[in-house]
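Given the sequences, and given the hints that come with them, work out the whole structure.
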Amino acid sequence: MTANPHRRRIAIAGAMAGATLLALAAATGLPHRATTPARAEGTAAPALPAPPPGGVLAFVVQDFVPPVVPGMDACPHGTAPRLREIYLRTLPEAEQARLRLKENEKELTRLWHAYALGADGSNICSQPDRFQHAPFPPVESKLGYGLDLDGGKPGKDGCAHAEFESPTGIQGVDNQEYRALGCQPEIRGPDGNGGDALTGMKQFHTSGEWTQVIVLKGVDSLVDDPDVEVIYANTADRPEIDSKGQFLRGVSFTVNDTAPRHRNVLHGRIHNGVLTTDPADIALAETWGQGGARDIRGNRSQYHYRQGRLRLEFQPDGTLRGMIGGYRPIFDVITSGSLGGAGTAVVAGIDCAAQLASLRQYADGGRDPKTGQCTTISSAMRILAVPAFVTDLTAADGSTPKHAAPNRSPAR
Amino acid sequence: MAFDLSRRTALKGLMRGAAVTVGLPLLDCFLDGNGVALAATGSQVPVRFGTWFWGLGVNPNRWFPSVAGKNYELKPELAPIRELQPKINVLGNFNVLLDGAPNLPHTSGGPAIRTGRALTADRGLPGESFDVTIGDRIGTRTRFRSLEVSAIGDPRNSLSGRGGGNLNPSETSPAGLYARIFGTGFKDPNSASFTPDPQVMARRSVLSAVAEQRQALDAAVGAADRQKLDQYYTAIRQLENQLDVELTRPEPLQACVVPRKAPPNVPVNGEIETVMLNHQMMTDLLVMALACDQTRVFNMMFNNGASSLTRIGSTVTHHQLTHEEVLDNKLGYQPEATYFLTKIMEAWVYFVKALDSVKEGDRTLLDNTLVFAHSETEFAKFHTIDNIPMMTAGSGGGRIHTGIYIDGQGTPVSRVGLTLQQAMGVAVDKWGTKSMETNRTLTELVA
Numbered sequence: 062m063t064a065n066p067h068r069r070r071i072a073i074a075g076a077m078a079g080a081t082l083l084a085l086a087a088a089t090g091l092p093h094r095a096t097t098p099a100r101a102e103g104t105a106a107p108a109l110p111a112p113p114p115g116g117v118l119a120f121v122v123q124d125f126v127p128p129v130v131p132g133m134d135a136c137p138h139g140t141a142p143r144l145r146e147i148y149l150r151t152l153p154e155a156e157q158a159r160l161r162l163k164e165n166e167k168e169l170t171r172l173w174h175a176y177a178l179g180a181d182g183s184n185i186c187s188q189p190d191r192f193q194h195a196p197f198p199p200v201e202s203k204l205g206y207g208l209d210l211d212g213g214k215p216g217k218d219g220c221a222h223a224e225f226e227s228p229t230g231i232q233g234v235d236n237q238e239y240r241a242l243g244c245q246p247e248i249r250g251p252d253g254n255g256g257d258a259l260t261g262m263k264q265f266h267t268s269g270e271w272t273q274v275i276v277l278k279g280v281d282s283l284v285d286d287p288d289v290e291v292i293y294a295n296t297a298d299r300p301e302i303d304s305k306g307q308f309l310r311g312v313s314f315t316v317n318d319t320a321p322r323h324r325n326v327l328h329g330r331i332h333n334g335v336l337t338t339d340p341a342d343i344a345l346a347e348t349w350g351q352g353g354a355r356d357i358r359g360n361r362s363q364y365h366y367r368q369g370r371l372r373l374e375f376q377p378d379g380t381l382r383g384m385i386g387g388y389r390p391i392f393d394v395i396t397s398g399s400l401g402g403a404g405t406a407v408v409a410g411i412d413c414a415a416q417l418a419s420l421r422q423y424a425d426g427g428r429d430p431k432t433g434q435c436t437t438i439s440s441a442m443r444i445l446a447v448p449a450f451v452t453d454l455t456a457a458d459g460s461t462p463k464h465a466a467p468n469r470s471p472a473r
Numbered sequence: 002m003a004f005d006l007s008r009r010t011a012l013k014g015l016m017r018g019a020a021v022t023v024g025l026p027l028l029d030c031f032l033d034g035n036g037v038a039l040a041a042t043g044s045q046v047p048v049r050f051g052t053w054f055w056g057l058g059v060n061p062n063r064w065f066p067s068v069a070g071k072n073y074e075l076k077p078e079l080a081p082i083r084e085l086q087p088k089i090n091v092l093g094n095f096n097v098l099l100d101g102a103p104n105l106p107h108t109s110g111g112p113a114i115r116t117g118r119a120l121t122a123d124r125g126l127p128g129e130s131f132d133v134t135i136g137d138r139i140g141t142r143t144r145f146r147s148l149e150v151s152a153i154g155d156p157r158n159s160l161s162g163r164g165g166g167n168l169n170p171s172e173t174s175p176a177g178l179y180a181r182i183f184g185t186g187f188k189d190p191n192s193a194s195f196t197p198d199p200q201v202m203a204r205r206s207v208l209s210a211v212a213e214q215r216q217a218l219d220a221a222v223g224a225a226d227r228q229k230l231d232q233y234y235t236a237i238r239q240l241e242n243q244l245d246v247e248l249t250r251p252e253p254l255q256a257c258v259v260p261r262k263a264p265p266n267v268p269v270n271g272e273i274e275t276v277m278l279n280h281q282m283m284t285d286l287l288v289m290a291l292a293c294d295q296t297r298v299f300n301m302m303f304n305n306g307a308s309s310l311t312r313i314g315s316t317v318t319h320h321q322l323t324h325e326e327v328l329d330n331k332l333g334y335q336p337e338a339t340y341f342l343t344k345i346m347e348a349w350v351y352f353v354k355a356l357d358s359v360k361e362g363d364r365t366l367l368d369n370t371l372v373f374a375h376s377e378t379e380f381a382k383f384h385t386i387d388n389i390p391m392m393t394a395g396s397g398g399g400r401i402h403t404g405i406y407i408d409g410q411g412t413p414v415s416r417v418g419l420t421l422q423q424a425m426g427v428a429v430d431k432w433g434t435k436s437m438e439t440n441r442t443l444t445e446l447v448a
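So the protein lines, in turn, are chains W and L.
Going by the numbering used here, the first sequence opens with residue 62, and the numbers climb by one from there.
Going by the numbering used here, the second sequence opens with residue 2, and the numbers climb by one from there.
Each computed DSS-like pair below joins lysine-lysine, with the alpha-carbon atoms no more than 30 angstroms apart:
{"id": "1", "chain 1": "L", "residue 1": "Lys-88", "chain 2": "W", "residue 2": "Lys-305"}
{"id": "2", "chain 1": "W", "residue 1": "Lys-203", "chain 2": "L", "residue 2": "Lys-331"}
{"id": "3", "chain 1": "L", "residue 1": "Lys-88", "chain 2": "L", "residue 2": "Lys-431"}
FYI, nobody ran anything at the bench for these hints, they're computed from the structure.
Here the structure is a predicted model, which means the values were calculated and not measured.
Structure below.
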């Protein structure tokens, strides 16, 4: 940590009984757009303000979405078909044609719904591993967003795989989840732009169910600082939003140890205006309600990034933009659909078994030494975080709170 | 009076020398540890309250006005209400606050609006729905405290109840609704003759005969059972009131025109055309039930939360389309799913027009009614429960302003329930629980 003689007072910091008040005020009030990170390695950082006295900055994450390189060249066969179509394609062409007739719709519905069910009471989404479905066609483009997780080649616990190049020229990008599922209609719309998930997931962050905050401690410079503590946590507090649904800056949040919240303590550094963190397990809330009484939200699902890390660029407007990357247990990726059970298949038309097959095919981490199969998959989410005030109730004495340790979910 | 309480315990009394008994609900102690004036009469015109529910929300950017206040903008999906706009309020940007409770898709939103509480179980209501609270205020002097109706069928399709797992079941067919309103027990308020029904007289007397035992039983049970008994006695008092009404010659009502015959037996299913037709017939019956003062409270469910609506001959449901149909990036909505929303708004307009077509003195039945319409999600594809679309129609006898778009600015949705209760005369200054507890009345709504 180095002293910075150019600090100016842009934030407040203080202490309360049993709590540390962390704060940051925006350097500018420029409107922000949800764009992908654009700074390639070696590119000069833009002019950035000095950090606040005390070196503490805090943010609330507005965007946490799958990064999609737009365009249908990534998916020359189109977006992934729905389960009805997948079922039809299992049939001879003449039978397909017969069942596609309007007068046979009821018969077709009965048949493709049955296709989602197993004889043992299983269904294609609750027990996708009991169904042998072909994987979906992958993303075929060489371009993809994400982070280089393996230094260019898989380690002893990885599996061989092709790597992406980011549209901004970053090489060696590992994001096999995007390769496996980047042609799903939830990820990529029929026009090639980002799909439903990019807009739909924001509600979870707006409602306080998944809301994330980032706190940076010991920051002496937004350009270069070799030693920064990063707290990446969930909060149950709701962001304030403007009339366009953007998060307002300078809103207060509290981090406490109420389960199932998460609080990840990471070590990082700032170089050329880019914050990176050392690999560590990162767990964040990802709760779903589809399971009803079986799986009330928060009981078991989460974002779990093994060897997870952040790459976030400080922006002149005071925001942070970048990525989180890491290896996710492959079953975690389809938790939402799985909790939805047969409804996911017959209502949303999602073929969870084909998704699982795709994830298994492209898994590149957590290699099982016995089987040689990889059990985790490289993944990334695009992050836009806006300045906020965060009260970190769990860190007053420096101890790790009971619920702060990353929860581990078994690989499946 | 002492009780030897058992599951077979009943309230007993004497009536004209004969023993009468009234059964009791299943109490905890029976279980183990696991376990304006009318022209004809000078009477006040009754004020009515009702709800109108539709499932699967709207396309927010095509439905909600952009600017709060009067003469609000009518975007494409709200445009069908144009003719009625001066009598309809639109409410947006109110939030359901979960306080850590799950957002159960298509299940959490409706009960939160009706009870001011976050749902923590998968079924039922987490508390008393405010239509029931209002019914206790304005619905005690009619044959029916309220009428629940589901145009898509399924008696469990209801958001009305006293909580604790109880839901007021819905009438599911036009013929059934007709029989209930205008069948046995109906007394035409405009009939020249009135003869009290001897059976009703007998039932009323039975309840009177066991009154003493009811009081004694209250003293013999614990707090939890007293709460159950209270709910049970409320129902009995309601029944007593209803029986009293049936034994009282009704006031003549100018607007009451008794339907001459029952509607035909028609299919009850999810096909949109069938639901539209059934909704029309049930609306017409409900309107006459109000005009004939058979009830002053109603709950109309057009469809269900996870909407089972389909097109004729199709097996693809409205719900399925909201999830399966890709959101068109250029259009910004799902055209196939939106078809159903168009029909829903058409049905809403029919409902409001039907109320507005009945004259009551210088006003219309709609003017003397406050209808609260709402859905259970904002945008169904993502199960969002902030900014759930809501409307009111009618002024409740001049108690609320109309023709306004109210922007809740992210405040709890319980403000709406609080305000509507206050408008209907319920003595409540704060309502809701946890983050949804509020004492902030929508002052711009109250006349």
